[in-house]
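Work the whole structure out from these sequences, hints included.
Those sequence lines, one after another, are chains A and B. Numbering of the first sequence is given in this note's numbering, commencing with residue 2 and proceeding in unit increments. Numbering of the second sequence is given in this note's numbering, commencing with residue -1 and proceeding in unit increments.
Keep in mind the hints are simulated off the structure, nothing from the lab. Built from N, CA and C at the ideal position, the CB exists for glycine as well. Heads up, some of the hints might be wrong.
List time: in silico DSSO-like cross-link candidates among lysine-lysine, alpha-carbon distance up to 27 Å [unchecked claim]:
hint: 1; chain 1: A; residue 1: K78; chain 2: A; residue 2: K17
hint: 2; chain 1: B; residue 1: K16; chain 2: A; residue 2: K78
hint: 3; chain 1: A; residue 1: K66; chain 2: B; residue 2: K83
According to the in silico footprint, chain A covers these stretches of chain B (three or more CB under 8 Å from chain A) [stated by the list, open to error]:
hint: 4; segment: 7 to 16
hint: 5; segment: 24 to 32
hint: 6; segment: 46 to 60
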Amino acid sequence: MVLENIVKLEDGIPAKLHFWDHRIERRTITDAATGAPTIRQVLVLEVDTLNDRAVAARLSTMASKLADKFSAYLPDKSYRNYDFVITQRGEDFRRSWSVKAIPRPK
Amino acid sequence: MARKTRQVETRLTAEYIKQYYSEFPSILGQPLGVVPTSLMEQEGYQRALGIMRPFRPEADALVILPRHLLLIEAKVWHVINGLAKLPMYKSLVPVTPELREYMPREVLMELVVGWTSPNLEIMARDHGIAVKVFCPDWLTKVVQGMHHYWTKEYREERERKLGLREYFGVE
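Printed below as a string of structure tokens:
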């Protein structure tokens, strides 16, 4: 689902995405547990295809459980050579992601 | 309380797959096992998978090879746990609804570790598991730390670091 230019992953619904760029941002957020402001790193992936449809959107995540799954592809931006099918399940700290990497035809 | 462990196994798995299986489709975090047909009929396919999620084990990774499915567990600390899981997970692959489209394929197993030992190799061989040592530069420090974990010097250094993290309230 695309809200404006933000990709929102829906629980249990696989989304197929292609990324063309990324950056790591530092954002100040309010810690849900303590209520205090805290700085977190956010992985922002620029999306140009969502479910085989051209879009100009971005997917952001603070969750290292998801970000780490892309870690190998970030330094050389080799995510450009793959489509990723991401399935998000669960709530809050119990949320998990299954990420399928499909090589694009050369 | 400051966190005492580092989450490195997902990164290790991702880098290993990129290095050795980059030309094949792969899945990081694959739930395994049956989802009751009655639940699927009642709730629908996707919702049933969601309801069953907490009750199904999850493999670190699965690579879809032309004639095989390759199950991968990556372990840095509790390597025997990874070894023990793989044959159990293998038994669930043929009944996993998300993998039905890839069957029938023979299932192979690989345990990815930063270091190995003769005992690990013996146990793995006995269960048909290939042990793959994969230790990128960033992991070397973690592995060294693990091997020195119970030495006096490392214990003191660890307590000093944890104390500072606790004092400054950082993770």
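Results for each hint:
1. The straight-line distance between the Cα atoms of A/K78 and A/K17 is roughly 18 Å, inside the 27 Å bound, and the hint therefore holds.
2. With a CA separation close to 12 Å, the supplied pair B/K16 and A/K78 stays within the 27 Å bound.
3. Our distance criterion of 27 Å between C-alpha atoms is met by A/K66 and B/K83, whose separation comes to about 20 Å.
4. For a cut-off of 8 Å, the count of residues in the segment 7 to 16 of chain B with a CB near a CB of chain A stands at 6, and the three-residue condition holds.
5. Counting residues of the segment 24 to 32 of chain B whose beta carbon lies closer than 8 Å to any beta carbon of chain A gives 6, which reaches the threshold of three, so the coverage claim holds.
6. Coverage of the segment 46 to 60 of chain B by chain A holds in this model, with 5 residues showing a Cβ closer than 8 Å to a Cβ of that chain against a need of three.
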